[in-house]
Amino acid sequence: MFDLSPAEFEAVLLSLKVSLWAVGVSLPLGIATAWVLARLEFPGKTLLDALIHVPLVVPPVVVGYLLLLLLGRNGYVGGWLYETFGITVAFSWQGAAVAAAVMAFPLMVRAIRLSIEAIDTRLEQAARTLGARPIDVFFSITLPLTGSGIVVGVILAFARALGEFGATITFVSAIPGETTTLPVSLYTLAQIPGEESGAIRLVVLSLIVAFGAMFAAEIIARRVRKRIAGT
Amino acid sequence: MSLSVDIRKNLGAFTVDARFACAGGITALFGKSGAGKTSIVQMMAGLIRPQNGRIEIGGETVFDSAKNIDIPVHQRRVGYVFQDARLFPHMSVRRNLDYGRRRRGDGTGSSPAFDDVIDVLGIGTLLDRRTHLLSGGERQRVAIGRALLSAPRILLMDEPLASLDAGRKAEIIPFIARIQDQFRLPIVYVSHSVDEVLQLADTMVLLADGGVAAVGPVEDVMNRPDLVRITGTGDAGTVIPARVTDTDAEFGIATLTFAGGDFRVPAAGLETGRRLRLRVRARDVSLALKKPEDVSVLNIFEGTVTSVSNSGRPQTDVSIDVGGAIIWSQITRKSLSELEIAPGKKVFAMVKAVAIDDPVAHP
Amino acid sequence: MRLIHISLFLLCFTQTMSAIAASLTVYAAASTVSAMKPIEKLWSETGKRNLRVVYGSSGALARQISAGAPAHVYFSANRIWVDYLVDEKLARPESRKTVMENRLALIAPASAKGISIASLARDVPRLLKDGGRLAMGDPRHVPAGHYAKEALTSLGIWSAVAATTARTRNVRLALALVQRGEVPLSIVYRTDALGDPLVRILDILPGDLHSPVEYQVVGTATRHPDSDAFLAFLTSDDALALYRAAGFVVPE
Chain A
1 MFDLSPAEFE AVLLSLKVSL WAVGVSLPLG IATAWVLARL EFPGKTLLDA LIHVPLVVPP
61 VVVGYLLLLL LGRNGYVGGW LYETFGITVA FSWQGAAVAA AVMAFPLMVR AIRLSIEAID
121 TRLEQAARTL GARPIDVFFS ITLPLTGSGI VVGVILAFAR ALGEFGATIT FVSAIPGETT
181 TLPVSLYTLA QIPGEESGAI RLVVLSLIVA FGAMFAAEII ARRVRKRIAG T
Chain B
1 MSLSVDIRKN LGAFTVDARF ACAGGITALF GKSGAGKTSI VQMMAGLIRP QNGRIEIGGE
61 TVFDSAKNID IPVHQRRVGY VFQDARLFPH MSVRRNLDYG RRRRGDGTGS SPAFDDVIDV
121 LGIGTLLDRR THLLSGGERQ RVAIGRALLS APRILLMDEP LASLDAGRKA EIIPFIARIQ
181 DQFRLPIVYV SHSVDEVLQL ADTMVLLADG GVAAVGPVED VMNRPDLVRI TGTGDAGTVI
241 PARVTDTDAE FGIATLTFAG GDFRVPAAGL ETGRRLRLRV RARDVSLALK KPEDVSVLNI
301 FEGTVTSVSN SGRPQTDVSI DVGGAIIWSQ ITRKSLSELE IAPGKKVFAM VKAVAIDDPV
361 AHP
Chain C
1 MRLIHISLFL LCFTQTMSAI AASLTVYAAA STVSAMKPIE KLWSETGKRN LRVVYGSSGA
61 LARQISAGAP AHVYFSANRI WVDYLVDEKL ARPESRKTVM ENRLALIAPA SAKGISIASL
121 ARDVPRLLKD GGRLAMGDPR HVPAGHYAKE ALTSLGIWSA VAATTARTRN VRLALALVQR
181 GEVPLSIVYR TDALGDPLVR ILDILPGDLH SPVEYQVVGT ATRHPDSDAF LAFLTSDDAL
241 ALYRAAGFVV PE
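Residue numbers (this note's numbering), protein chains in the order written: chain A, 1 to 231; chain B, 1 to 363; chain C, 1 to 252.
Check the hints yourself; a few may be wrong.
Cut-off 20 Å, straight-line C-alpha distance, at most; resulting in silico cross-link-like pairs (SDA-like, lysine to any residue) [to be verified]:
1) A:Lys226 with B:Arg129
2) B:Lys334 with B:Val354
3) C:Lys129 with A:Glu83
4) B:Lys352 with B:Gly261
5) C:Lys129 with A:Val36
These are computed hints drawn from the structure, not numbers from a lab.
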């Protein structure tokens with residue numbers, strides 16, 4: 001019944017690859033940012049918080065354009081990266097992953113931050129009296145107890161990355177085989193009158209991928225919660 | 001092992017300004033709720049920073065505001081037992097116990113042995129349990145074990161029994177005494193409970209409104225009438241150290257010898273040689289000018305009146321020197337006047353009831 | 001208090017709706033903007049200030065009209081979309097007119113010096129050799145991309161360069177990529193590249209390499225009192241002069 005054309009198969013694989021990469025690479029930064037916002041006070045903290053929420057507030061296309069300005073091969077930062085290290089994310093699936101990561105980042109940070117704030121700091125105090133240095137406290141106490149928050153953050157971010165379109169198409173365009181994720185492919189088909197059936201197929205495919213991913217994430221979340229039973 | 005504390009900090013509602021020193025044994029920080037006790041031990045541990053002052057533990061200066069010394073918490077080598085245990089919920093009992101051991105306990109060589117600790121605290125059967133399945137008493141014992149295994153040079157216990165019921169408290173107090181014996185670890189014990197202090201402590205730091213009202217051996221501080229208001233013992237009374245010298249199985253009477261003679265008290269299960277503290281409340285003591293005969297009271301002592309408090313109220317407190325120990329008696333002013341009781345007079349003190357503080361071996 | 005808020009909202013809403021309803025709505029291909037701006041100005045000088053122009057990709061606009069968008073006039077960059085609307089009975093075939101034509105330009109960033117095109121078929125693949133990309137509208141739904149693909153196919157190099165294309169969802173974005181120097185080459189309309197200091201026109205593609213880039217206007221099935229007057233205006237001599245000035249090709 002459901003025979004995937006090569007283009008459709010490629011779109012699914014690309015979507016999964018881009019989203020997994022986006023979430024995986026931004027997770028450490030997301031945890032660190034969430035911790036900083038949850039635990040530290042410093043001048044400019046509100047500014048940092050607002051900056052992180054820009055992708056939520058501003059149209060995705062604008063974010064994509066900003067990424068182009070910053071990270072394009074000729075961009076303010078991207079140009080330097082290209083000249084110094086020869087690396088560029090323009091027009092590649094890595095660029096799509098960056099776009100997805102940026103759009104998903106605020107969701108991830110919010111979820112993780114909430115769970116860090118919910119941790120009883122008195123437990124961290126107890127750990128310090130037992131001889132744990134601050135970094136040690138973070139890895140042995142804070143991080144494990146944030147487990148369920150991290151799972152939620154990852155799920156949200158992954159979902160957002162899967163559906164990311166506006167920033168992606170603006171930053172890295174549609175490169176066949178590189179950036180033609182499910183949403184990008186869906187958009188293209190939807191623009192062409194007469195391609196309805198193809199578009200519907202992609203919609204169904206997207207839903208299946210999304211459900212599958214959420215289901216898997218739920219199972220992992222349950223496991224994590226079991227390990228911290230009693231919290 | 002010495003401890004010297006000299007600190008000040010403004011806590012909003014009042015200011016902590018405490019200065020005391022102690023050497024070894026169990027030192028109680030005693031005072032009413034809100035007297036600043038917890039703040040002081042938190043400053044000793046480094047969890048709060050004093051505004052100025054100096055703290056020295058075991059010869060090492062861990063805090064000195066003048067010299068800008070402030071050793072971080074994890075390097076102070078203090079074991080801290082919190083009122084709410086604070087066991088790590090994502091770890092089993094064994095991993096909780098290992099937490100401090102792995103960070104400080106192994107390398108320094110001064111950590112008590114794992115088996116000894118679980119033995120003394122009786123937590124061997126709990127090792128693989130998750131912490132949320134433990135009872136309150138079990139949690140506190142694990143918390144104590146965890147702190148012990150982190151190779152501390154001093155143990156700070158912040159009202160560790162406050163959230164337990166009487167039965168659990170009675171269970172754990174012997175354990176605490178045992179760890180002091182077994183591991184020779186100085187303990188600072190914060191409490192607002194007279195019972196706990198009397199059963200466990202050697203030295204007492206009496207705190208009121210953030211300041212130190214008195215420091216000294218427990219009996220001395222508890223017996224000072226001017227401190228009764230703070231110690232909150234309610235009625236005037238005496239704390240008397242005594243030793244079990246005889247037991248009578250037939251009538252269930254134990255003979256407790258003290259400086260002024262022998263008390264005979266109904267008590268079961270006491271071994272000869274055991275040391276304890278007795279509390280004699282003033283209202284349980286009557287006076288006679290002649291030695292009474294054919295009375296039911298077993299404990300009658302001859303002594304000399306040393307002071308009389310005359311505040312104009314219907315009752316007065318009379319202190320009597322009995323062989324060096326002081327016993328207080330509360331009588332009516334009318335009797336005082338009729339018997340012509342005044343300092344220097346020879347009287348007989350009849351002690352109707354004696355409270356033995358659930359005895360704990362005290363070397 | 002709440003009653004006042006609700007009343008105010010309804011007032012504004014109906015005003016806006018009636019303003020929208022009263023305005024003459026033109027759906028125009030994005031590439032017509034350099035011509036439509038002066039057109040708008042000229043139209044308002046006749047005293048009518050109710051013109052509203054919505055720009056977009058011709059295919060996307062046709063899609064929206066077929067979904068019920070309230071356009072009165074459709075200005076397309078590709079006749080196939082006009083065919084589509086006429087077939088769907090959403091446009092009036094008698095009002096249909098070809099207005100002007102456009103050419104395709106091969107452009108490079110202004111900073112790229114010393115490049116010249118002797119032969120398109122040889123030089124385009126050559127310039128893309130070291131990993132550079134050719135930015136163009138997506139051939140599947142952006143007319144400029146469609147024409148560009150036709151031209152490259154006529155030159156025989158489409159299969160060679162197809163994998164190196166960066167397909168954008170409109171031609172403006174392809175232009176932006178060249179302006180930013182992100183790509184070495186792009187094919188856009190000549191009218192988009194003219195006068196842009198950030199790009200350099202390397203070559204104007206000969207018109208016979210692709211189907212004529214014919215711009216057609218048509219009145220939609222949704223009529224406005226000024227629909228016919230505006231359609232006539234769009235083909236008036238004044239308008240034609242404006243198109244020429246913008247770089248479009250207007251047959252004499």
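Hint check:
A threshold of 20 Å between alpha carbons decides the hint, and for Lys226 of chain A with Arg129 of chain B the separation of about 14 Å falls inside it, so the pair holds. Taking the CA atoms of Lys334 of chain B and Val354 of chain B, the gap is near 26 Å; set against the 20 Å cutoff, the hint is violated. For the hint linking Lys129 of chain C to Glu83 of chain A, the alpha-carbon distance of about 19 Å falls within 20 Å, and the restraint holds. For the suggested pair Lys352 of chain B and Gly261 of chain B, the alpha carbons sit about 15 Å apart, so the restraint of at most 20 Å is met.
A threshold of 20 Å between alpha carbons decides the hint, and for Lys129 of chain C with Val36 of chain A the separation of about 46 Å lies outside it, so the pair is violated.
Checked against the numbered hints above, the structure violates hints 2 and 5; every other hint is satisfied.
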